[in-house]
Amino acid sequence: DTAVSQTPKYLVTQMGNDKSIKCEQNLGHDTMYWYKQDSKKFLKIMFSYNNKELIINETVPNRFSPKSPDKAHLNLHINSLELGDSAVYFCASSQDGLGQETQYFGPGTRLLVL
Amino acid sequence: GNSVTQMEGPVTLSEEAFLTINCTYTATGYPSLFWYVQYPGEGLQLLLKATKADDKGSNKGFEATYRKETTSFHLEKGSVQVSDSAVYFCALSDPYNFNKFYFGSGTKLNVKP
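Protein sequence lines, in the order shown, are assigned to chains A and B.
Residue 137 in the working numbering sits at position 105 of the first sequence; the count goes up by one each step and never skips.
Residue 16 in the working numbering sits at position 27 of the second sequence; the count goes up by one each step and never skips.
One should not assume that every hint holds.
[As the list claims (entries may be wrong)] Here are a few chain A residues that face chain B, going by a calculated C-beta distance under 7 Å:
| hint | residue |
| --- | --- |
| 1 | 42 |
| 2 | 77 |
| 3 | 78 |
| 4 | 88 |
| 5 | 131 |
| 6 | 139 |
[As the list claims (entries may be wrong)] Here are the simulated DSS-like pairs of lysine-lysine, each with C-alpha atoms no more than 27 Å apart in a straight line:
| hint | chain 1 | residue 1 | chain 2 | residue 2 |
| --- | --- | --- | --- | --- |
| 7 | A | 72 | B | 101 |
| 8 | A | 84 | A | 72 |
| 9 | B | 89 | A | 54 |
| 10 | B | 89 | A | 41 |
| 11 | A | 76 | B | 41 |
Hints in this document: simulated from the structure, not taken from any laboratory.
For each residue, glycine too, the CB sits at the ideal point set by N, CA and C.
Hey, can you work out the whole structure from these sequences and the hints?
Following this line, the structure appears as structure tokens:
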């Protein structure tokens, strides 16, 4: 069983469209994250949720809206996609968000905006 | 603020060579430090970690020691294998905001047979 899964794995879309990426973890973790990895492999945190509550929102444009229906799921919706949104988006989870524990990453969603 | 700086890659080594990937950090307080590895087409996996000064993290022959005096967490391995080819990320957790992690830009390692 995959610990952290993301769908879709690849996403190719036109500028201006709206798209969603789904993430699920079956580890029983309390905390989930979204990261963006750019073409130079630089990884930056976008959001963090703990028990469905938003904890971190890292100056991400309002076009990005995370939603956590329960603590096992953290979805990312992106409105009005722009060329600069092209990147790999990683979902991750950790046990309780206390900073010392391991984060478990999903396989990533490769988003290409044309 | 908090930040992580890694040596730029790619690093190219022959099999059985000694590996060092440098990582230095800037942080207020005492962060936890991590090394993650990313194989092609996959997500990141924890390689090792250290949660306080002078701790040594180790896994699969890799080691790194938390050096508070030099604010460093360099990754080392005595004898690399082709299967170690990947991108390595140094990271820290914000000691005052545990849900926040900072990653370095990654160092690509290529190991030739």
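Comparing the hints with the structure gives:
no. : hint           : verdict
1   : 42             : violated (11 Å)
2   : 77             : holds (6 Å)
3   : 78             : violated (11 Å)
4   : 88             : holds (5 Å)
5   : 131            : holds (3 Å)
6   : 139            : holds (5 Å)
7   : A:72 <-> B:101 : holds (23 Å)
8   : A:84 <-> A:72  : violated (31 Å)
9   : B:89 <-> A:54  : holds (21 Å)
10  : B:89 <-> A:41  : holds (25 Å)
11  : A:76 <-> B:41  : holds (24 Å)
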